[in-house]
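Engineer: Listed below, chain by chain, are the residues.
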Amino acid sequence: MKIIVQIGVILGICLAGEGISLLLPIPFPGSVIAMILLFLLLLSGLLRPDHIRQKSDFLLQNMAFFFIPAGVGIIEHIETLLPVLLPLLFICLVTTILTFAASAFTAKLVIHLQEKAASTNKEVE
Amino acid sequence: MDSITSSPLFGIVLCILTFELGVWLNKKLKTPICNPLLIAIALIIAVLQIFKIPLENFMVGGDIISLFLAPATAVLALSIYSQLAVLKKHFLPVLCGCLAGSVVSILSAGGLCIAFGLDDALTAAMIPKSVTTPIAMEISKQHGGLVAVTVAAVIFTGILGAILSPLLIRIFHIDHPVAQGVGIGTSSHAVGTTKAVELGEIQGAMSGISIGVSGIITVLLSLFVPL
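Chains as they are written, first to last, in the numbering used here: chain B, 52 to 176; chain L, 113 to 339.
Don't read these hints as lab results, they were simulated from the structure.
Keep in mind that the hints are not guaranteed to be accurate.
Unchecked claim - Each computed DSSO-like pair below joins lysine-lysine, with the alpha-carbon atoms no more than 30 Å apart:
| hint | chain 1 | residue 1 | chain 2 | residue 2 |
| --- | --- | --- | --- | --- |
| 1 | L | K201 | B | K173 |
| 2 | B | K167 | L | K201 |
| 3 | B | K173 | L | K200 |
| 4 | L | K164 | L | K253 |
| 5 | L | K200 | B | K167 |
As the structure is a computational prediction, the values presented were derived from the model and not from experiment.
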């Protein structure tokens, strides 16, 4: 599909996401609703990956670039941040380790349980 | 000087120049500390400070770039969709792992912020720090957090994940490639995923999927955060 149409499709879905977000009684980000909408459109086959491939690749491959201005905004908060910089860095370190351990352990446990269930099923047969 | 820097083109050109320099340095030095986003942010802050350019002038162009954040989040759907077969195959381990990781991340970040006596704006900024930047920013914004602090915490977390994950895999005896990928993607999003891709194809795919899955789970869980 033509790039301009791909841009139109993706921005249209984002706009729909913003609209739904405004209607919802709970604070749910419009961009995440747009992501779910796009996923459902792809699942249903109404939209094929090649319909939005080039524009998506452009966005996905340059993802980090779009966060630069948001990150630069940190200089506005530098006075709030400096006194609490060490605790913040410490929190980042500890939570990263805990989150890794929790998710990896749980995934490992579930895989283990599934394999066990599969082998007992075989024995029953 | 003021008239040229207040052009929207100034911010956009500055972002592209510094980011490309960051990408180049990252390729040359091959270390996760040389994160292109981190380099670009640091260089731009330095330029603004040295030449005494007001932040508002930079943001005229910066706001145009930020406009792409929503579409960039939406197209994460395509990257999940292209991994659909792998996701179906390992659906339960991925879902449970992402759920456990997201709960622990929110509780530990929130709990530690309260323990250190940080205010609500900082706590709200830190709570979504393990998920991918666009989703974390939205959660932070909706709970009254300092969005720029969230961006910095997310990047730092990603870098930590990329550096520490091989070590954590050994310490915690995570011997299954699927579990390794889920752990990396849930704890350190896309930056960590670059490391997962190096570890192996399954790790990379699982880590990539976990970014989206734990992102959505964290959005849902954060609805219950009393801030």
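Engineer: B/K173 and L/K200 were given as a pair; does the straight-line alpha-carbon distance stay at or below 30 Å?
Structural biologist: Holds, at roughly 22 Å.
Engineer: Between the alpha carbons of L/K201 and B/K173, is the straight-line distance 30 Å or under?
Structural biologist: 19 Å, holds
Engineer: Take a quick look at whether L/K200 and B/K167 sit within 30 Å of each other, Cα to Cα.
Structural biologist: With Cα atoms ~19 Å apart, L/K200 and B/K167 stay inside 30 Å; holds.
Engineer: B/K167 and L/K201: Cα distance at most 30 Å?
Structural biologist: 16 Å, holds
Engineer: Would you check the hint for L/K164 and L/K253, treating anything up to 30 Å between C-alpha atoms as holding?
Structural biologist: Given pair L/K164, L/K253 holds - Cα atoms ~28 Å apart, limit 30 Å.
In summary, the structure agrees with every hint in the numbered list given earlier.
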